[in-house]
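**Q** Here are the chains, one letter per residue:
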Amino acid sequence: MRPRALIPILYILFLLLPIYWLVAMSFKTTNEILGGFSLFPQEWTFASYRTIFTDPTWYWGYINSIIYVSLNTVISLLAALPAAYAFSRFRFLGDKHLFFWLLTNRMAPAAVFALPFFQLYSAVGLFDTHLAVALAHCLFNIPLAVWILEGFMSGVPKELDETAYVDGYSFPRFFIRIFVPTIKAGIGVAAFFCFMFSWVELLLAKTLTAVEAKPIAAVMTRTASSAGYELGLLAAAGVLTIIPGAIVIWFVRNYIAKGFALGRV
Amino acid sequence: MKTENQRGWLFVLPVLILVAFNALVPLMTVVNYSVQETFGDNLFFWHGVGWFEDVLRSDRFHAALGRQALFTFTILLIEVPLGVAIALAMPRKGFWVSVCLVLMALPLLIPWNVVGAMWNIFTLPDIGLLGYFMNHVLGIDYNMTQSPLAAWVTIIVMDVWHWTSLVVLLAYAGLISIPEAYYQAAKIDGASNWAVFRYIQLPKMKRVLTIAVLLRFMDSFNIYTEPFVLTGGGPGNSTTLLSIDLVKVALGQFDLGIAAAMSLIYFAFTLLVSWLFYTIMTRNEQ
Chain A
377 MRPRALIPIL
387 YILFLLLPIY
397 WLVAMSFKTT
407 NEILGGFSLF
417 PQEWTFASYR
427 TIFTDPTWYW
437 GYINSIIYVS
447 LNTVISLLAA
457 LPAAYAFSRF
467 RFLGDKHLFF
477 WLLTNRMAPA
487 AVFALPFFQL
497 YSAVGLFDTH
507 LAVALAHCLF
517 NIPLAVWILE
527 GFMSGVPKEL
537 DETAYVDGYS
547 FPRFFIRIFV
557 PTIKAGIGVA
567 AFFCFMFSWV
577 ELLLAKTLTA
587 VEAKPIAAVM
597 TRTASSAGYE
607 LGLLAAAGVL
617 TIIPGAIVIW
627 FVRNYIAKGF
637 ALGRV
Chain B
3 MKTENQRGWL
13 FVLPVLILVA
23 FNALVPLMTV
33 VNYSVQETFG
43 DNLFFWHGVG
53 WFEDVLRSDR
63 FHAALGRQAL
73 FTFTILLIEV
83 PLGVAIALAM
93 PRKGFWVSVC
103 LVLMALPLLI
113 PWNVVGAMWN
123 IFTLPDIGLL
133 GYFMNHVLGI
143 DYNMTQSPLA
153 AWVTIIVMDV
163 WHWTSLVVLL
173 AYAGLISIPE
183 AYYQAAKIDG
193 ASNWAVFRYI
203 QLPKMKRVLT
213 IAVLLRFMDS
223 FNIYTEPFVL
233 TGGGPGNSTT
243 LLSIDLVKVA
253 LGQFDLGIAA
263 AMSLIYFAFT
273 LLVSWLFYTI
283 MTRNEQ
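Chains as they are written, first to last, in my numbering: chain A, 377 to 641; chain B, 3 to 288.
In isolation and in its complexed conformation, chain A is listed as follows:
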């Protein structure tokens, strides 16, 4: 093994340490956690996990999060696909300005928009629905999806479109049957990033929900403050939020490195 292989290994160890500690905490009893320091759980307990899987407030938190994240990914991709096609194939009035304006929406601090978002979604009667969070997350996910997809689409030669028209394909049929399968790697990458940014965002998700669509992150904050010092429970809930992300990474591992690189700014 070459000595420079040490750098990634050390870095990965640094990344895993806090995660290990979270996992270790989730298997300890409250007494053991507060009683002192121990590197491994001395007395393994699954009590924290049992609480989460049997209490509806807890497991509905996960279901709610998964619902709005999936909904957001679908909406973002459906809207971004034709737009990205237009940016990669056509020149139209104001296209460059529009593209830059879309990207500026990533720069607005979410903390700024929390209150106006609450008022806007209350006014249109969507407050406390999964749709509200899914639509609100479009603010930063659609620009990102357009950006990534445009990069992938620009890599497909225009001859593909022309050949299809010569063969008598109509535009919608060409787009769905030929074009979409050609850039499916790009769609995978865009879906990954939409999932990621919607899954990790908390401020807007918390602001726009109360009971019915409450995300897991909000359930955790409430527990952290009301149930006192139940660190084991908090740790177990944290561990469970890492799992969906880890599954998604495993599926797109061959594409993530390419995702940002192919887009243009």
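No lab work stands behind these hints: they were computed from the structure. There could be a bad hint or two in this list.
[What the hints assert, rightly or not] In silico EDC-like links for lysine to aspartate or glutamate, alpha-carbon gap of 20 Å or less:
{"id": "1", "chain 1": "A", "residue 1": "K534", "chain 2": "B", "residue 2": "E6"}
{"id": "2", "chain 1": "B", "residue 1": "K4", "chain 2": "A", "residue 2": "D471"}
{"id": "3", "chain 1": "B", "residue 1": "K4", "chain 2": "A", "residue 2": "E535"}
{"id": "4", "chain 1": "B", "residue 1": "K4", "chain 2": "A", "residue 2": "E538"}
Using the hints provided, position chain B relative to the given structure of chain A.
**A** Relative to the frame of chain A, chain B by itself:
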């Protein structure tokens, strides 16, 4: 070559409607608050640019902006070189690439409040792994709730932990796009490792690194959840970054006018810096 086609607007329409709904309505609400004064009962009075003058003159805003600039500058200075170094040392092909990528991407997919909570548990003075190690093994007095220095070091290390992988992924994507022939040519010319980095790898990574710096600048400048969960802005005001201060003003004291004026100045500042950086970095292209 792109064709001139105004039908493009039709294709862009759904995106335009969705983003405009989410961006313009809240932005106009904020603009609205920023020029009005209220005394309760939903009665609003025209206040002109008064709030903007107040914010620009307030010491509190200057202090928060200063802390924010220091934070963003420090994490960029650590994360970008570190990310490039790790990407350079990573294997180029084989099984270990997947393992590295999956493990490195893990912090990016953890909800931000969980990141804060995880680091809180990790650094608790007597029962956290890092806290215990610092206090009882190294004998350094380390307690975030008392020492501003400890709080600062911790939020910076947490951000490095959370986001360096994004720089690694981007830099790595730039590196694997370099054709093997470039390296062979450099070998024939007897180029040193430094020359290969300076004249082949760095120029090829320029575009992805521009994206990395822009994303890290925008996101770190807007950071809220992680430091809020970890330190709550304390001890005192020592880690009250801009977003945390903004939320304190808007929701804690309910000074909507000042909060709105602050947001707009904040937004304009982010926009200006991003635009300047982007223009300078892409000046020599085409």
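**Q** Work down the list of hints and note, for each, if the structure agrees.
**A** Verification of the supplied hints:
For the proposed pair A:K534 and B:E6, the alpha carbon gap of about 14 Å is at most 20 Å, so the pair holds. Pair hint B:K4 plus A:D471 holds up; C-alpha atoms about 12 Å apart against a cutoff of 20 Å. For the proposed pair B:K4 and A:E535, the alpha carbon gap of about 12 Å is at most 20 Å, so the pair holds. Of the supplied pair hints, the one linking B:K4 and A:E538 holds, its CA atoms being roughly 13 Å apart against a limit of 20 Å.
Consistency with the previously given hints is maintained throughout, with no hint failing.
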